[in-house]
Amino acid sequence: MNFEINRVYRFIIEEVCRTVEDESILTNIDSVALKELKTGWYEKLAEYTDLSNMPDMNRPISHLDFEPNYNNMMMLDNDVYMDDIRSSETVEENCDNLFMCLYVKVNKSKNKWKCQFKDGFVNIGPMDFAFSTAQGDLLW
1 MNFEINRVYR
11 FIIEEVCRTV
21 EDESILTNID
31 SVALKELKTG
41 WYEKLAEYTD
51 LSNMPDMNRP
61 ISHLDFEPNY
71 NNMMMLDNDV
81 YMDDIRSSET
91 VEENCDNLFM
101 CLYVKVNKSK
111 NKWKCQFKDG
121 FVNIGPMDFA
131 FSTAQGDLLW
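With UniProt numbering applied, the sequence shown covers 1 to 140.
Keep in mind the hints are simulated off the structure, nothing from the lab.
From the three backbone atoms N, C-alpha and C, an ideal C-beta is built for every residue, glycine too.
Treat the hints with caution; some may be incorrect.
[What the hints assert, rightly or not] What follows is a set of in silico ranges between Cβ atoms, one per label pair, in the way DEER data are often shown:
no. : residue 1 : residue 2 : range
1   : Ala33     : Lys110    : 17 to 25 Å
2   : Ile25     : Tyr103    : 32 to 40 Å
3   : Leu139    : Tyr42     : 32 to 40 Å
4   : Lys44     : Val122    : 18 to 26 Å
5   : Tyr42     : Asp96     : 34 to 42 Å
6   : Val16     : Asn97     : 19 to 27 Å
7   : Leu139    : Val104    : 17 to 25 Å
[To be verified] Derived EDC-like pairs: lysine to aspartate or glutamate, alpha-carbon spacing no greater than 20 Å straight-line:
no. : residue 1 : residue 2
8   : Lys35     : Glu23
9   : Lys35     : Glu15
10  : Lys108    : Asp128
11  : Lys118    : Asp137
12  : Lys114    : Asp137
13  : Lys35     : Asp22
14  : Lys38     : Glu21
15  : Lys38     : Glu14
Could you put the whole structure together from the sequences, leaning on the hints where they help?
What follows is the structure, given as structure tokens:
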């Protein structure tokens, strides 16, 4: 991972923590929990940026089967619960690329969305691209 992407990750972590701290009355997250979360994010970022821990990009990604543990949970309607699990699995299977950023403005007209983004990165396959501003037209 290059220096620019590392800088973007750190900026996003700082921006999220600053925003949560500013809105601490609404989010009910105390400063100790926020510091622990921030430390955890930085540790994960350090693990990810360490090249010895990088995943092998030539190896296909396999999905693990998830079996819920009902011992410590309230029993829910099994069909509804399993539908939630199945729907989340289908979303993960088709996620080859990643687009992460902060949004500036979103306009919606019927099924067309016009978006303006800032300070983010795009992960396409094994490559990361950082950007400061971006625009997009989406059909949903």
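Results for each hint:
The supplied range of 17 to 25 Å is broken by Ala33 and Lys110, whose beta-carbon atoms lie about 41 Å from each other. Roughly 23 Å separates the CB atoms of Ile25 and Tyr103, a value that falls outside the hinted 32 to 40 Å. About 37 Å separates the C-beta atoms of Leu139 and Tyr42, a value consistent with the hinted range of 32 to 40 Å. Our hint of 18 to 26 Å for Lys44 and Val122 holds, since their Cβ atoms are close to 20 Å apart.
Range check, Tyr42 to Asp96: Cβ separation about 27 Å, and the 34 to 42 Å hint is violated. Restraint check, Val16 to Asn97: a C-beta distance of roughly 22 Å satisfies the suggested window 19 to 27 Å. For the pair Leu139 and Val104, the beta carbons lie near 20 Å from each other, so the given range of 17 to 25 Å is met. A distance of roughly 15 Å separates the Cα atoms of Lys35 and Glu23; the hinted pair therefore holds under the 20 Å criterion.
As the CA atoms of Lys35 and Glu15 are separated by approximately 13 Å, the hinted pair is consistent with the 20 Å bound. Distance check on the hinted pair: Lys108 and Asp128 sit about 28 Å apart at the alpha-carbon level, beyond 20 Å; violated. A hinted pair counts as satisfied when its Cα atoms are at most 20 Å apart, and Lys118 with Asp137 qualifies at roughly 15 Å. Distance check on the hinted pair: Lys114 and Asp137 sit about 5 Å apart at the alpha-carbon level, within 20 Å; holds.
Simply put, Lys35 and Asp22 have alpha-carbon atoms about 14 Å apart, close enough for the 20 Å limit, and the pair holds. Restraint check for Lys38 and Glu21: satisfied, since their Cα atoms lie roughly 12 Å apart, inside the 20 Å limit. For the hint pairing Lys38 with Glu14, the CA-to-CA distance comes to about 8 Å; that is within 20 Å, so the pair holds.
The earlier numbered hints that this structure contradicts are 1, 2, 5 and 10.
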